[in-house]
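*Asks:* Sequence:
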Amino acid sequence: MIFEPNEIKENSLFYGDNLYIMQGLINIGYKEKFDMIYFDGPFNSGWVFSVFNKRLDERIIDPWNEAATIKNFYHSDIYRSNYRERIAAARELLNEKGILVFHTSQKEGHYLKVILDEIFGPNRFLGEVVWKFADNAVYKKSQFGLNHESLFFYAKTDHYFKKKDVSYSSVWDDVGQYEHLGEEDTFYATQKPEKLMERILEMTTSEGDLVGDFYCGSGSLSFTAEKMNRRWLASDNSRLAIQTTASRIGTLGVDVTVHQLVEEFNRTYLQGSEYTKKTKIPFSLNELQGLKNELGNTPVTVQAYEYTPEIDLLENQHITFQLIMPSITSEGIDAAAPAIVPRPVPLVTESGCELIIDNPLNWILYHIDHGEIEENQYVFDFAALQQRAHNVDLKVAGNWIDRMKEYSDYYLLTDIFGYIYKVTKQKEVQYER
Numbered sequence: 001m002i003f004e005p006n007e008i009k010e011n012s013l014f015y016g017d018n019l020y021i022m023q024g025l026i027n028i029g030y031k032e033k034f035d036m037i038y039f040d041g042p043f044n045s046g047w048v049f050s051v052f053n054k055r056l057d058e059r060i061i062d063p064w065n066e067a068a069t070i071k072n073f074y075h076s077d078i079y080r081s082n083y084r085e086r087i088a089a090a091r092e093l094l095n096e097k098g099i100l101v102f103h104t105s106q107k108e109g110h111y112l113k114v115i116l117d118e119i120f121g122p123n124r125f126l127g128e129v130v131w132k133f134a135d136n137a138v139y140k141k142s143q144f145g146l147n148h149e150s151l152f153f154y155a156k157t158d159h160y161f162k163k164k165d166v167s168y169s170s171v172w173d174d175v176g177q178y179e180h181l182g183e184e185d186t187f188y189a190t191q192k193p194e195k196l197m198e199r200i201l202e203m204t205t206s207e208g209d210l211v212g213d214f215y216c217g218s219g220s221l222s223f224t225a226e227k228m229n230r231r232w233l234a235s236d237n238s239r240l241a242i243q244t245t246a247s248r249i250g251t252l253g254v255d256v257t258v259h260q261l262v263e264e265f266n267r268t269y270l271q272g273s274e275y276t277k278k279t280k281i282p283f284s285l286n287e288l289q290g291l292k293n294e295l296g297n298t299p300v301t302v303q304a305y306e307y308t309p310e311i312d313l314l315e316n317q318h319i320t321f322q323l324i325m326p327s328i329t330s331e332g333i334d335a336a337a338p339a340i341v342p343r344p345v346p347l348v349t350e351s352g353c354e355l356i357i358d359n360p361l362n363w364i365l366y367h368i369d370h371g372e373i374e375e376n377q378y379v380f381d382f383a384a385l386q387q388r389a390h391n392v393d394l395k396v397a398g399n400w401i402d403r404m405k406e407y408s409d410y411y412l413l414t415d416i417f418g419y420i421y422k423v424t425k426q427k428e429v430q431y432e433r
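Our numbering applies: residue 1 is where the sequence shown begins, and numbers increase by one.
Hints listed in this document are in silico derivations from the structure and should not be mistaken for laboratory results. Quick reminder that beta carbons are idealized off the backbone N, C-alpha and C, glycines included. Incorrect hints may appear among the rest.
[What the hints assert, rightly or not] Computed beta-carbon distance windows for the label pairs: (1) D334 <-> H159: 31 to 41 Å; (2) S169 <-> D334: 45 to 55 Å; (3) V254 <-> E315: 40 to 50 Å; (4) N359 <-> A383: 14 to 24 Å; (5) T279 <-> Y74: 34 to 44 Å.
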């Protein structure tokens with residue numbers, strides 16, 4: 001696997017699985033380079049991360065992330081195992097004065113602290129901070145409410161970053177709350193206040209230090225690091241998170257590069273006239289070129305979990321691109337029985353750019369949140385979900401493109417669900433509807 005673009009500049013974003021990304025950074029020379037790493041990943045509460053779309057009046061989700069959230073909620077051993085791998089990778093990235101800041105909640109925090117002790121060593125535990133995120137209990141279970149989260153601080157070595165003559169309280173109730181974001185608010189769920197990020201950065205780093213945020217969400221840490229003259233690298237496996245972060249940092253006058261991990265053409269993925277990806281690494285221009293070299297213009301179907309937008313710049317009318325998705329039925333969302341969904345086709349026509357969606361209602365159905373958790377069970381109302389999809393379809397009215405940016409020889413399109421496409425200006429493409 002390689003990064004694309006392959007020239008890594010600091011103050012950049014990475015889209016994809018953070019385990020692959022951290023391992024990739026280790027392989028290209030970032031081992032023991034980070035001064036601080038911040039983990040603010042899933043709390044295993046069962047709550048699905050989403051972004052509110054004002055135009056659609058709906059909360060937008062990534063279907064695979066939603067499926068993983070549900071699976072982890074019912075199988076906590078998988079959740080903890082995933083974290084174990086990522087904590088170990090983070091430790092490799094930290095330098096000898098580096099500190100890991102691990103943000104968690106009471107549901108899994110005690111289990112994860114044991115894992116942190118195992119990987120870093122119990123004597124590397126520096127302290128726990130309680131962040132009061134609301135004045136009153138927000139989550140209530142009978143008489144037991146919740147209005148705090150925890151941050152665990154771990155050092156890589158005994159030579160960790162120390163501040164002389166400063167001692168911070170272990171209870172922070174003066175660094176902002178979820179409901180008081182004001183002008184900071186990006187409408188991204190669980191967005192952290194800038195004051196909280198400032199305190200963490202002040203406590204663990206100096207100007208010029210390199211920090212990592214591999215569950216970047218709305219980008220609060222990298223945004224604040226940029227303002228505080230820290231170098232940073234950040235990632236997320238949600239395209240909506242990456243776009244929110246890039247847009248937010250763009251308000252500081254910074255043009256952020258987004259990198260992805262890609263693979264070379266793999267002949268074992270090719271069976272007859274189908275090329276089916278076995279990993280969730282996006283199907284890329286590298287693979288498309290390899291496929292064309294192997295088969296020429298023979299018709300072929302590609303099935304992948306994700307695609308890089310560059311594939312649309314290469315002549316590919318003989319190739320059918322399909323997305324592997326978790327299935328959605330009246331029983332709920334099921335990652336164990338994947339469905340095949342046609343990838344939208346970007347076109348340049350006489351009237352401008354557009355996206356051709358094979359089944360609009362089905363496409364919408366995959367990208368709006370699907371249920372709520374009540375008493376440790378997911379409530380899934382398929383009839384109501386179908387009606388919501390119909391309402392969104394009426395609002396979309398065939399206009400699937402949310403943003404368009406023009407370059408010298410292509411258009412960069414972003415659709416309403418955050419998928420990105422590049423379409424060449426060289427010629428208009430005719431499409432048989």
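*Asks:* Against this structure, judge whether each hint is valid.
*Replies:* Here is what the structure says about each hint:
1. D334 <-> H159: 31 to 41 Å: 49 Å, violated
2. S169 <-> D334: 45 to 55 Å: 46 Å, holds
3. V254 <-> E315: 40 to 50 Å: Distance hint for V254, E315 is violated at roughly 35 Å.
4. N359 <-> A383: 14 to 24 Å: 18 Å, holds
5. T279 <-> Y74: 34 to 44 Å: Given range 34 to 44 Å: violated, Cβ gap about 24 Å.
Going down the numbered hints, you'll see the structure goes against 1, 3 and 5, while the others check out.
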